Amino acid sequence: MPTYKITYFNFRGRAELARLIFAAAGVPYEDLRIEMSRWPVEYKDQCPFGQLPLLEVDGKVLAQSKTIARYLAREFNLAGKDSREQALADMILDHYADIMNEMKVIWLESDAEKKATLVEKFKTETLSKHLGYLETILRQNGGGFIVGDSLTWADLMVVDSNDWLGVMFPNPYDNFPLLAGLVKRVREMPQVAEWIAKRPDTPR
Amino acid sequence: MPNYKLVYFPGRGRAEVSRLIFKAAGVPFEDVRINTANGEWPGETKAKCPFGQMPVLFVDDKVLAQSKAIGRYLAREFNLAGKTNWDQARADMILDQFEDIGTEIYKFMFEKDAAKKAELSEKFNSETLPRHLGYLENLLKENNGGTGFFVGDSLTWADLALANAYDHLGGTDAPFANSPLLAGLIKRIRATPSVAEWISTRPQTPF
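As you go down the protein sequences, you meet chains H and S in turn.
So for the first sequence, our numbering puts the first residue at 1; every next one is plus one.
So for the second sequence, our numbering puts the first residue at 1001; every next one is plus one.
None of these hints come from the bench; they were simulated from the model.
Mixed in with the good hints there might be a few duds.
Stretch-level coverage of chain S by chain H, calculated; a stretch enters the list once three of its residues show a Cβ under 8 Å from a Cβ in chain H [as the list claims (entries may be wrong)]: (1) 1041-1055; (2) 1062-1069; (3) 1073-1081; (4) 1096-1110.
No experiment lies behind these values; they were computed from the predicted model shown.
The beta-carbon is built from N, C-alpha and C at its ideal position, and this holds for glycine as well.
Can you build the whole structure from these sequences, using the hints too?
And the structure:
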């Protein structure tokens, strides 16, 4: 078994999907969380694109959070059983990334009143449409897991999204019963539940 | 061999990497281009798209969405993804980087305020793009000196994504003036017979 290390800040942020994958797979790793004051001076040069998170596998580095998560999912047989399932999981990952990019624009709006309007508009129009597509995909797959018939990293994406969507939109899956059910079931899986209970409690 | 149909707008955009993968692999596909002008889009097509967007890929009757997921699926099917899980991850990492560059371009591409657009464009060309290309030049150099391919010792879709980025960045050598290894790789890939033929015969489009 190789030695794994994730380097990131003390947030869930862009590292949490990888951490959930390690937890679900039961694979140990070093969960290094660095203080903002030590970035960039101490770590940036190690990073292929000057950014965190970083994954080290026996000292070899990988950057880009989505790539890191996919690599780990594949290593631990959580990527999907065949090429199509892997593609479906990738598709869901990209969709969540699109949602996050749109939210980022709103997050960075400096005018408080304008931001509140954008948040409300996004919640009622855009977000419900985006999550609706995922509810449909889950329903068409029989409502159990979102890809295939066993746990994949796509289910962990849904769990993770419940947290990061929740920063701006509390209880994001309230109107999406299948997705809400999936979040609950996966969070209750022993290894996932153990990680959620013991992980550092951070605002995002 | 399944039947492949790629559906997108009449442009390179988010479909071109997949088209290049088909061409480099020598695999035939139906290159469907849907117009907004005459109502073809959204038309009946949008409802068939898992996220209401294009491109979508039909493999026989099964649909896939999201341009990068499509590209990765095709690259894997045609042995252009990377030979090991690690190599595949290194290629994915490079694709993610091109996506980040694209995101930076979109920031000013759709900016309506002319002055702000000029300011963002200037920042991109003088600071953001050179920084990103610098990282990619280093990555390429780490792979046996950078005179071959981005990953391993054979063509992957990461190389095709670079060759494609050349067009998105204006279709000239100028952005790569300080990245000789990237410039060399672009030249080699675009000169590969299957790629060169596609570039010269594909529809000429503004995006």
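Hints, one by one, checked against the model:
Figure legend: the region 1041-1055 of chain S, annotated as covered by chain H; annotation consistent (3 residues with Cβ-Cβ distances under 8 Å, at least 3 required). Under the rule that three or more residues need a Cβ within less than 8 Å of chain H, the assignment of the region 1062-1069 of chain S holds, with 7 such residues. Remark: the region 1073-1081 of chain S is confirmed as covered by chain H, as 3 of its residues place a Cβ nearer than 8 Å to a Cβ of that chain, reaching the required three. With 4 residues bearing a CB less than 8 Å from a CB of chain H, the region 1096-1110 of chain S meets the requirement of three and the coverage assertion stands.
The structure fails none of the hints (numbered hints given earlier).
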